[in-house]
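Colleague: One-letter residues, chain by chain:
Protein chains: 2
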Amino acid sequence: MEDNFTQTPVMDEPWERIRAALELGDTELIRQLLEEIGTTETSLVLSRLNEYEQGLLMTLLQPSEAASIIEEVHEAQAADIIESLAPEHAAAIVDEMQSDVQADLLSEMKKDSADAILEEMPPSEAEETRAMLSYPPDSAGGLMITEYLAYRQGATVSEVRSDLREKGDIYSDYPVKYIYVVDDGGRLTGVAWMKDLVFSPAHTLLERIMISTPKRVRENCDLDELREFFRENRFYGVPVTDNDEVLIGVVLSEAVEKALEKKAVKQFLWFSGIVGGEEFRSMPLIKRSGRRLSWLTINIVLNIMAASVIAFYQDTLEAVIALAIFLPMISDMSGCSGNQAIAVSMRELTLGLIRPVELARVLRKELALGVINGLALGTLLGVLALLWKGNPWLGIVVGGALMVNTIVAVSIGGMLPLALKRLRMDPALVASPLLTTVTDMCGFFFVLGFASLMLNRL
Amino acid sequence: MEDNFTQTPVMDEPWERIRAALELGDTELIRQLLEEIGTTETSLVLSRLNEYEQGLLMTLLQPSEAASIIEEVHEAQAADIIESLAPEHAAAIVDEMQSDVQADLLSEMKKDSADAILEEMPPSEAEETRAMLSYPPDSAGGLMITEYLAYRQGATVSEVRSDLREKGDIYSDYPVKYIYVVDDGGRLTGVAWMKDLVFSPAHTLLERIMISTPKRVRENCDLDELREFFRENRFYGVPVTDNDEVLIGVVLSEAVEKALEKKAVKQFLWFSGIVGGEEFRSMPLIKRSGRRLSWLTINIVLNIMAASVIAFYQDTLEAVIALAIFLPMISDMSGCSGNQAIAVSMRELTLGLIRPVELARVLRKELALGVINGLALGTLLGVLALLWKGNPWLGIVVGGALMVNTIVAVSIGGMLPLALKRLRMDPALVASPLLTTVTDMCGFFFVLGFASLMLNRL
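Protein sequence lines, in the order shown, are assigned to chains A and B. In this text, residue positions in the first sequence follow the working numbering: the first is 1, and each later residue adds one. In this text, residue positions in the second sequence follow the working numbering: the first is 459, and each later residue adds one.
Treat the hints as calculated values from the structure; they're not laboratory data. Some hints could be false.
[Stated by the list, open to error] Taking lysine to any residue and the SDA-like style, the derived pairs with C-alpha atoms no more than 20 Å apart in a straight line are:
#1 B:K879 <-> B:V815
#2 A:K389 <-> B:I762
#3 B:K653 <-> A:R165
My request is simple: use the sequences and hints to build the entire structure.
Modeller: This is the structure we're talking about:
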């Protein structure tokens with residue numbers, strides 16, 4: 001028990017200590033505290049400081065120090081922090097980052113804020129970053145980095161060596177250790193290995209040791225194509241060229257994996273009704289509440305549509321009140337069955353196991369499954385209804401409705417992502433709410449419709 | 459219109475052409491067709507062949523050719539195909555792959571099948587792969603590759619150069635181009651760059667040009683720690699050591715990103731009720747149906763628990779039949795609100811923005827949001843009920859119930875992932891069904907309970 005008393009009552013949390021150091025303006029103490037915190041807790045600590053404190057921290061530190069802290073936290077959080085700084089401070093920090101990180105960060109911000117920061121950056125670098133921002137984020141152009149080694153094919157091994165020696169400090173941060181070879185027009189003509197520089201005599205021309213016409217991707221190559229490329233070729237990075245074969249960047253395999261993870265996370269968030277981007281509890285209450293409500297209001301409208309079916313059959317319901325107990329169950333169970341089919345279709349689409357036109361194949365496969373699962377679940381629910389009320393007709397109505405609606409749900413659920421894809425809509429956002437509205441309406445209709453046909457037996 | 463008639467009626471799909479070539483046993487034709495198909499369609503084509511045809515394809519080709527096809531498809535699909543081959547064929551193909559791919563593939567199979575394949579592999583390689591399989595899949599040991607360059611620190615630059623020259627063919631497949639330096643006990647002591655080999659005189663000892671005590675991770679380092687490591691250090695790979703500091707492998711940053719994507723996909727699948735691993739429609743119907751049913755049967759039990767609340771209040775419902783219309787809406791809306799809070803907590807946990815013990819912080823944040831959203835949604839639904847039936851008391855009952863239940867849903871939803879994490883359970887699997895069962899029960903109780911209190915006014 002005594003331990004509870006000997007513990008220091010305040011200042012035990014790292015953000016409280018940082019806060020105190022910020023109040024003192026003691027930069028050395030802040031550095032020391034950040035060092036102690038270590039990377040795993042950086043996100044946590046930053047998220048517990050308010051906007052003013054975050055800004056103070058970023059401006060008290062050197063831009064390079066601030067940049068390395070920012071690189072440790074999640075992009076959405078990083079963008080929030082940087083966005084709240086004065087543009088000149090923000091630009092100094094962003095300037096310290098690698099080109100793809102810059103582009104990621106700026107693309108998370110409001111356009112105005114990103115533009116203000118770009119205005120304050122050195123013109124040449126700003127232009128490079130603007131160019132990257134002009135590509136769709138999940139294309140080769142949007143994912144590439146511009147830190148790579150390229151030499152003219154007429155250069156000799158010794159010229160390359162001396163350049164490497166001279167600018168070694170800059171290059172040591174470059175993630176790609178291949179040497180790309182270009183012609184006088186900047187067009188990609190080859191790639192050479194560092195080890196070939198080791199073994200070749202000094203006067204050898206690069207074009208003699210390079211691998212000619214290396215694999216490359218176009219700037220507009222999309223994420224699925226990049227995934228396929230790296231699945232086939234276990235490279236670290238692939239050079240990116242524009243329409244004239246001019247080398248403009250390198251996409252790292254790592255960047256593709258990261259983009260795929262981001263996409264999967266977005267899918268998960270959308271499926272859970274978090275649709276306006278990441279939400280952290282350090283964000284202002286009004287922003288969090290507003291974003292969630294925007295989704296919930298759509299959902300309540302969809303629910304009212306579904307409920308109107310029940311209202312239509314109010315007389316039937318009044319005659320057999322027991323049905324009311326089964327309505328939420330039918331709605332929930334059919335939603336689950338349908339969502340399973342949606343998930344399978346979305347995965348098959350992502351992995352290229354199905355083409356968006358193959359609706360008939362999906363329908364065939366899901367119908368077969370729907371009949372089995374519908375029979376199983378319908379029988380289960382029907383028997384339960386019979387046991388509860390002792391009326392076999394109630395069992396037939398309720399079990400039959402669940403059976404038929406399971407078939408409807410898996411068929412629609414399976415085909416919906418393909419249909420949405422053909423309409424160029426993202427299934428992750430639309431498929432599930434659309435499905436549950438339809439299956440709710442159908443489910444309520446089957447239960448109450450079947451019941452009204454057998455009203456005298458129930 | 460004429461085009462429809464001039465088109466070849468059969469053999470227009472690539473898998474039909476492959477199938478025909480398989481029947482002829484014409485290996486050259488198969489090679490040519492596979493070449494034509496290209497990587498993006500490989501998965502699709504393989505998935506449309508039956509198990510016998512897939513096996514035939516794998517055995518007609520050389521093991522190295524079969525391996526490169528297998529590496530193009532998704533792991534779950536690849537494991538299915540390899541698993542159905544005779545172990546000696548399977549082993550010959552697996553033997554052609556990189557160590558981490560082997561481990562990934564074998565870990566997707568049933569233990570028996572994986573063991574049978576390992577039995578047929580060269581003992582030394584099988585042992586290496588078995589060692590990798592013994593690590594948790596998302597730990598440094600499970601994610602590492604064993605293809606890396608390591609030399610004793612007493613070696614000279616010229617010795618390393620001649621080894622590189624000699625075994626250049628083998629090493630050219632190695633993804634890591636750093637050179638790791640170990641002492642006589644195999645303990646990691648340094649890392650050297652390829653470029654340092656270029657610039658150093660032939661007789662220089664490795665230990666003179668290496669960076670001493672490089673960053674490393676332990677074999678049991680988990681995925682979150684690895685992510686943090688690569689967030690802080692923009693390396694391609696990090697050396698992995700055992701408890702005695704002996705170098706045992708290298709984890710590539712790319713492998714970590716891939717594991718994170720896999721985790722996000724698994725979360726998405728679990729949230730959608732696909733719980734037994736990936737489902738593809740090329741799998742046997744009975745397996746697909748059984749896996750989906752296993753989840754749906756749990757769900758129906760949970761639904762029955764929730765519905766029992768309605769059964770308990772049957773008299774109230776009989777008196778005010780209009781309430782039946784609102785029950786599924788309250789259930790669905792509260793489920794949505796709760797799932798939003800679950801998703802935010804899961805993301806905050808993943809990103810390290812919250813500790814599992816901080817239940818009070820989440821409760822405070824979600825209560826505030828719940829009051830706002832509950833008021834908004836409750837008022838909306840209450841006014842609609844009033845307009846529909848002209849009875850303000852119905853509006854108060856229904857709107858009040860939604861308001862209170864929204865607060866309950868977001869509070870429970872927010873805290874549940876933290877509580878489950880503390881119990882060492884995976885929130886992705888349990889949180890959502892647990893939440894909806896509780897919010898259904900509470901929602902039905904609030905609507906029908908409030909109504910029974912005001913029964914004479916409704």
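Colleague: Flag every earlier hint the structure violates by its number, smallest first.
Modeller: none
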